[in-house]
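K.L.:
Here are the chains, one letter per residue:
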Amino acid sequence: MRPNSRAVRRFLERSLVLHVATVSPAGNPDIIPLWFVRFRGRIYMTTRSENPTVRDLLRNPDVVLLFRGERGTRKGRVLRVRGRATFRTEQRICAPIYALSGLRYYLSPGGIANAFRNRRKFGLRAAYYRERAGEGGVIEVVPETAEFLQVP
Amino acid sequence: MKRVTRSVRPEDLPDLLAKPPRATLAFVRDATIQAIPVAFKFDAGRYLVGLPGDMDPPAGRVKLLVDDGPWYFDLRGFWSRGSLAPCDAPANAGDGQAWFELTPEKTAAWHYGSMREG
Numbered sequence: 001m002r003p004n005s006r007a008v009r010r011f012l013e014r015s016l017v018l019h020v021a022t023v024s025p026a027g028n029p030d031i032i033p034l035w036f037v038r039f040r041g042r043i044y045m046t047t048r049s050e051n052p053t054v055r056d057l058l059r060n061p062d063v064v065l066l067f068r069g070e071r072g073t074r075k076g077r078v079l080r081v082r083g084r085a086t087f088r089t090e091q092r093i094c095a096p097i098y099a100l101s102g103l104r105y106y107l108s109p110g111g112i113a114n115a116f117r118n119r120r121k122f123g124l125r126a127a128y129y130r131e132r133a134g135e136g137g138v139i140e141v142v143p144e145t146a147e148f149l150q151v152p
Numbered sequence: 001m002k003r004v005t006r007s008v009r010p011e012d013l014p015d016l017l018a019k020p021p022r023a024t025l026a027f028v029r030d031a032t033i034q035a036i037p038v039a040f041k042f043d044a045g046r047y048l049v050g051l052p053g054d055m056d057p058p059a060g061r062v063k064l065l066v067d068d069g070p071w072y073f074d075l076r077g078f079w080s081r082g083s084l085a086p087c088d089a090p091a092n093a094g095d096g097q098a099w100f101e102l103t104p105e106k107t108a109a110w111h112y113g114s115m116r117e118g
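Chains as they are written, first to last, in the working numbering: chain A, 1 to 152; chain B, 1 to 118.
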């Protein structure tokens, strides 16, 4: 299936969290959940340079992304995308991704409600990110293949 | 100086362990990363993973990721790295799956809603 097909685009719109799998420099599997946005046919995740997934993809850019379509009504399917990833820190790349991520995850009704319920934790959240090392940036994935799988 | 942490123990997430909305197994085959959706059961402290019955089970190290929550303070989950060994299907398991127990080498869990100075 083409990664830019209508079915894939619609499934991505219904998905909110992806699982990104990579190979570590030692040859072991890694996998983490991340928020994402789709922009100009590519998939982007905001993170920091010290994230082990970034370390992995700098050595081996092959990644597998799994999407669940959480907001859809049809359950039981997972979209698997294979692609090649890079870590980008240029402002011209990062700025629109940060804006789209903010709209999707902080300024959406669900994001606003979640923030309001947890407003007393904002100070802790700010301190948490101040303490994390590494340069901010985005993982950029160029999708190569896409397929739907059944959830066991 | 205390650092802010979102780390918890997997046992601190009992409803996630009981009903995981997202479970994925990652492994390396022929030097290529693979990831598949899996069934997951937490059974008396054991991590049980259900794979499609017609699939060759992965050899070597695997990494299991189980998580939940789209919104920031709802994000929670755990990962466990280890190896798989065949086991009996747990109670209430679906048909058509082969079941494996994950022997963990390392596990980490998080819950952003439990963020605190640790």
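If you're looking for bench data, these hints aren't it; they were derived computationally from the structure. In this text the structure is predicted, and so the values were computed from the model without any measurement. Fair warning: there could be bad hints in the mix.
[Unchecked claim] Taking lysine-lysine pairs in the DSBU-like style, the calculated list, with each CA pair at most 35 Å apart, reads:
#1 Lys19/B with Lys121/A
#2 Lys2/B with Lys121/A
#3 Lys75/A with Lys2/B
[Said to hold, decoys possible] To list a few chain B residues with every Cβ distance to chain A over 10 Å, as calculated:
#4 Ala18
#5 Gly45
#6 Arg61
Cβ coordinates follow ideal geometry from the N, Cα and C atoms, glycine included.
K.L.:
Next, verify each hint and record whether it holds.
P.N.:
Structure-based check of all given hints:
1. Proximity of Lys19/B to Lys121/A is assessed by CA-CA distance (about 27 Å); at most 35 Å being required, the pair is judged to hold.
2. Distance restraint check for Lys2/B and Lys121/A: the Cα-Cα separation of roughly 16 Å lies within the 35 Å cut-off, and the hinted pair is therefore satisfied.
3. Between the alpha carbons of Lys75/A and Lys2/B the distance comes to roughly 42 Å, so the proposed pair goes past 35 Å and is violated.
4. With a least CB separation of 17 Å from chain A, Ala18/B remains clear of the 10 Å interface cut-off, as annotated.
5. The claim that Gly45/B is not at the interface with chain A holds, since no C-beta of that chain comes within 10 Å of its own (minimum 22 Å).
6. Distance to chain A contradicts Arg61/B as a non-interface residue, since its nearest Cβ pair spans about 5 Å, not more than 10 Å.
In summary, the structure is inconsistent with hints 3 and 6 from the numbered list given earlier, while agreeing with the others.
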